[in-house]
Amino acid sequence: MEMTDKRTITVSVNGTKHTKEVPVRITLADFIRYELGLTGTHLGCEHGVCGACTILLDGRSARSCLMLAVQADGHEVLTVEGIAPGPDALHPLQEAFRDNHGLQCGFCTPGMLTTLLEFLGDNPDPTEQEVRVAISGNLCRCTGYQGIVLAALDAAKRMKAGRA
Amino acid sequence: MKLPPFEYACPTTLNEAIALLANHSGEAKPLAGGQSLMPMMAFRIAQPSLLVDLRKLPGMKEIKIGPDGVRLGALVRWRDVIDDKRLAVAHPLLKEAISHVAHYQIRNRGTVGGSCAHADPASEMPGIAQTCEAEFSVMGKAGARTIKAKDFFQGALTTALGADEIITEIHLPAWPAARRYGFQEFARRRGDFAMAGVALYYDLDGGKAANAHIGVFGVGDCQRRLPKAEAALNGKAVDEALAVKVGEAAAAEVEPQEDIHASAAYRRSLTGTLVERAIKAAMVR
Chain H
82 MEMTDKRTIT
92 VSVNGTKHTK
102 EVPVRITLAD
112 FIRYELGLTG
122 THLGCEHGVC
132 GACTILLDGR
142 SARSCLMLAV
152 QADGHEVLTV
162 EGIAPGPDAL
172 HPLQEAFRDN
182 HGLQCGFCTP
192 GMLTTLLEFL
202 GDNPDPTEQE
212 VRVAISGNLC
222 RCTGYQGIVL
232 AALDAAKRMK
242 AGRA
Chain R
452 MKLPPFEYAC
462 PTTLNEAIAL
472 LANHSGEAKP
482 LAGGQSLMPM
492 MAFRIAQPSL
502 LVDLRKLPGM
512 KEIKIGPDGV
522 RLGALVRWRD
532 VIDDKRLAVA
542 HPLLKEAISH
552 VAHYQIRNRG
562 TVGGSCAHAD
572 PASEMPGIAQ
582 TCEAEFSVMG
592 KAGARTIKAK
602 DFFQGALTTA
612 LGADEIITEI
622 HLPAWPAARR
632 YGFQEFARRR
642 GDFAMAGVAL
652 YYDLDGGKAA
662 NAHIGVFGVG
672 DCQRRLPKAE
682 AALNGKAVDE
692 ALAVKVGEAA
702 AAEVEPQEDI
712 HASAAYRRSL
722 TGTLVERAIK
732 AAMVR
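Protein chains in written order, with my numbering: chain H, 82 to 245; chain R, 452 to 736.
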């Protein structure tokens, strides 16, 4: 059985496959930021409390600081950079954040967006309480959450209208 | 680099995984969902020399439901439990408890086996295992064995698992459809570690409570049942006055710790209140 401190992994990030040799102790968050240069994924606490580093792994939200890059080998990652449909357009969730003052300093926003992207897929018509529970693992120190919750509820409507 | 140095292996069979653990004389750690181990490594509370990633092990991700109860593969994630509609009937107490585990993103990754092997005193799953008299199937170098929950959990972050042993399955005995149950936990913010939590059930025998099981977590250094509180419930017609009395018995029986989050007296009082609320919830199920 092979034991190593370096390993070659292939991870699809925002639709692009990357094959790289990485130290096994690098977290997925650091891999995304430093190996791939995608610094939209933010690191706050680095021990699974603040939620800023949330990414989607095979469509499911996960804290990228609590995963090793090697654990993502063979999987698909979506970061905040991959949410918008193109360079000149925003996702309805992002538009709702802009229109409802869902962000101030923006540090927590990547984690909020990725978490809510999955949540609104699971629950297209959530109550305010359900939204608050869904983002309970994402800390925001600016907004008092009010604008974020409003944005999420607005986004649910926009995403529904987009599907209709 | 955030984490201390270690080597990494990702075996594809259980035997390989066990051999790796056995050959590292207690210095290796299995990695399941990583939602507890990774923070411990980030703080360097844990510094294993080898991580044995269990993600490619076959046959440990299934939830099996049969006449003898529910069998959870050790790599079943919280999200799998929440999404499994069969469990609403097959084990509603488990289902309700797991909805309280941590936050959304963590429930997508954390596993039932990992949580029990980690044995945080405030965790829900070890509380359910104790309350429901679960049995742990484990595999090690010396072969397979079964450990009862009451023998498995030995203290804070301490279990009966040997350094070369891996949990393969957690068995919860069959759940009668008429069983009454309640689950309560309290934290300042939903998803945070419980300051106290209660899982309980009883059956009804001629209108009276029988077979009462009352378990607590987040109170003291280990999840445990409360035999005195259970005795206060057994054989009696359950009403609101009895719920208060059993709550008082539970508060008297626990040995809560004091820490930055709550005093021992607060935790004791909270336990009584939560037991009372859980029984009142059970009455109307």
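Everything labelled a hint here was simulated from the structure, so no lab data went into it. A quick note: this is a predicted structure, and the numbers were derived from the prediction, not measured. By construction, the Cβ of each residue, glycine as well, lies at the ideal position given by its N, Cα and C atoms. Don't take every hint at face value.
What the hints assert, rightly or not - Computed footprint of chain H on chain R, listed as stretches where at least three residues anywhere in the stretch have a Cβ under 8 Å from a Cβ of chain H:
(1) 481-492
(2) 547-557
(3) 563-572
Q.
Verify this for me: three or more residues of the stretch 547-557 of chain R with a beta carbon less than 8 Å from a beta carbon of chain H.
A. holds (count 5)
Q. Mind checking, does the stretch 563-572 of chain R have 3 or more residues with a CB under 8 Å from chain H?
A. violated (count 0)
Q) the stretch 481-492 of chain R covered by chain H? Criterion: 3 or more residues, Cβ-Cβ distance below 8 Å. A) As far as the stretch 481-492 of chain R goes, the hint holds, because 5 residues have Cβ atoms under 8 Å from chain H.
Of the hints listed earlier, the one the structure fails to meet is number 3.
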